[in-house]
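All chains should be built: construct the whole structure from the sequences, respecting the hints.
Here the sequence shown is numbered in UniProt numbering, starting from 1 and rising by one per residue.
If you are wondering where the hints come from, they were derived from the structure by calculation, not from laboratory data. Cβ atoms here follow ideal geometry from the backbone N, Cα and C, with glycine treated the same way. Heads up, some of the hints might be wrong.
To be verified - Taking CB as the label site, the calculated pair distances span: (1) S76 x A149: 27 to 33 Å; (2) T48 x K160: 16 to 22 Å; (3) H219 x N49: 24 to 30 Å; (4) A203 x Q105: 31 to 37 Å; (5) P207 x A163: 53 to 59 Å; (6) A164 x A135: 32 to 38 Å; (7) G64 x N97: 26 to 32 Å; (8) A58 x E106: 41 to 47 Å; (9) E106 x R67: 46 to 52 Å.
To be verified - Below, in silico cross-link-like pairs of lysine to any residue (SDA-like), each with a Cα-Cα straight-line distance of 25 Å or less: (10) K160 x T121; (11) K160 x L216; (12) K160 x W222; (13) K160 x D148; (14) K160 x T66; (15) K160 x D204; (16) K160 x S113; (17) K160 x A198; (18) K160 x R114; (19) K160 x A180; (20) K160 x A149; (21) K160 x F72; (22) K160 x H211; (23) K160 x Y224; (24) K160 x W190; (25) K160 x T147; (26) K160 x A179; (27) K160 x R86; (28) K160 x L92.
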Amino acid sequence: MNLAEPAADAARNGQGRRGAHRAAASSVRRGDLQRDAILGATRELLSTNSFESISVSAITARAGITRSGFYFYFESKHAVLATLLRAVVTELDEMTNHFAPRGQQESPEMFVSRMVGTLATVTSRNDPVMAACQAARHTDAEIRSITDAFSDSVIAAVQKNIAAEVAAGTAAPIADDTAALVRILSATTWFAVSGDTAFVRSADDIPRALHAIEQLWLHAFWGYR
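Spelled out as C-alpha cells, the structure:
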C-alpha cells in the first residue's frame, strides 16, 4: 500500500470541502445582494410612484434581476413592503432604546421631545415606505398585521412606563383610564408625524404639529400647561 495515497486523498477531500464552503458562501453573498437589490429598487420606486402603481416587472427592471429571481425571495410586492416596514420598526425600536422609561436625569419635556422627535425622524427618513404602508394597510392583511402589532407594542411599552411613573408619584394623568389615553395620544402622534392631511396640510405644518403633540403628552400625564 502506498502511504502517500491516503494523504493525497485526504488533501483532495479537504480541498473539495473548502471549495464547497467557498461556493456556498459565494452563493449566499449573491443571494444577499439580489435580495438587497430588490429592497433598494422598491424603495427607490416608492419615492416617485404610488405603491399600487409599482409592478413586479418595474422592480426587477430597476434591480437588474429576473422575475424568477424576484419570486425566489419574495412571493409578492407586498412581501417586499412588509420587509421594508420591519426594518423601519427595528430602527425605531433601537433608536428609542426599546422605548425605555424616562431616565432619572431626564425631565418630562426632554423625554417627550426625544420620543416624539425620534418617531418624526425615523418616519421622515422612511417617508416613501411609511406612506405606502399607510395606504396598503387598508387592503393588505400582512401590512395591517405588522403595523397593528407594532402600534400595540409601543402602546404597551408607553403604558408600562406611565404606570411606573404614576406608582412613583412622578406622573398624574388627566384620566384614570391611562391605557385609553396612551392609545389615543399615540394614534394622534402617529398620524401627525406621518403627514396625514387631517393633521398637517404641508411640510411647513409638521414642526407646529410636533410641538402641539408634545404639549398634549406633557399636559395629559405631567400637568404641564
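Going down the list of hints, with the structure as the test:
1. S76 x A149: 27 to 33 Å: violated, 20 Å
2. T48 x K160: 16 to 22 Å: violated, 41 Å
3. H219 x N49: 24 to 30 Å: violated, 41 Å
4. A203 x Q105: 31 to 37 Å: holds, 33 Å
5. P207 x A163: 53 to 59 Å: violated, 31 Å
6. A164 x A135: 32 to 38 Å: Since the Cβ atoms of A164 and A135 sit about 36 Å apart, the hinted range of 32 to 38 Å holds.
7. G64 x N97: 26 to 32 Å: violated, 38 Å
8. A58 x E106: 41 to 47 Å: Holds - the Cβ-Cβ distance for A58 and E106, about 46 Å, lies within 41 to 47 Å.
9. E106 x R67: 46 to 52 Å: holds, 51 Å
10. K160 x T121: holds, 24 Å
11. K160 x L216: The given pair, whose Cα atoms are some 19 Å apart, holds under the 25 Å limit.
12. K160 x W222: Distance ~15 Å between K160 and W222 Cα, so the pair holds.
13. K160 x D148: Satisfied, since the Cα-Cα distance of roughly 18 Å is no more than 25 Å.
14. K160 x T66: With a Cα-Cα distance of about 48 Å, the restraint between K160 and T66 is violated, given a limit of 25 Å.
15. K160 x D204: At roughly 34 Å apart (the allowed maximum being 25 Å), D204 and K160 break the hint.
16. K160 x S113: holds, 19 Å
17. K160 x A198: violated, 29 Å
18. K160 x R114: holds, 18 Å
19. K160 x A180: holds, 13 Å
20. K160 x A149: Distance of about 16 Å is within 25 Å: holds.
21. K160 x F72: Since the Cα atoms of K160 and F72 sit roughly 41 Å apart, the hinted pair is violated (cutoff 25 Å).
22. K160 x H211: holds, 24 Å
23. K160 x Y224: holds, 21 Å
24. K160 x W190: With Cα atoms ~19 Å apart, K160 and W190 stay inside 25 Å; holds.
25. K160 x T147: holds, 20 Å
26. K160 x A179: Holds - the C-alpha atoms of A179 and K160 are around 9 Å apart, at most 25 Å.
27. K160 x R86: holds, 23 Å
28. K160 x L92: holds, 18 Å
The structure shown violates the earlier hints numbered 1, 2, 3, 5, 7, 14, 15, 17 and 21.
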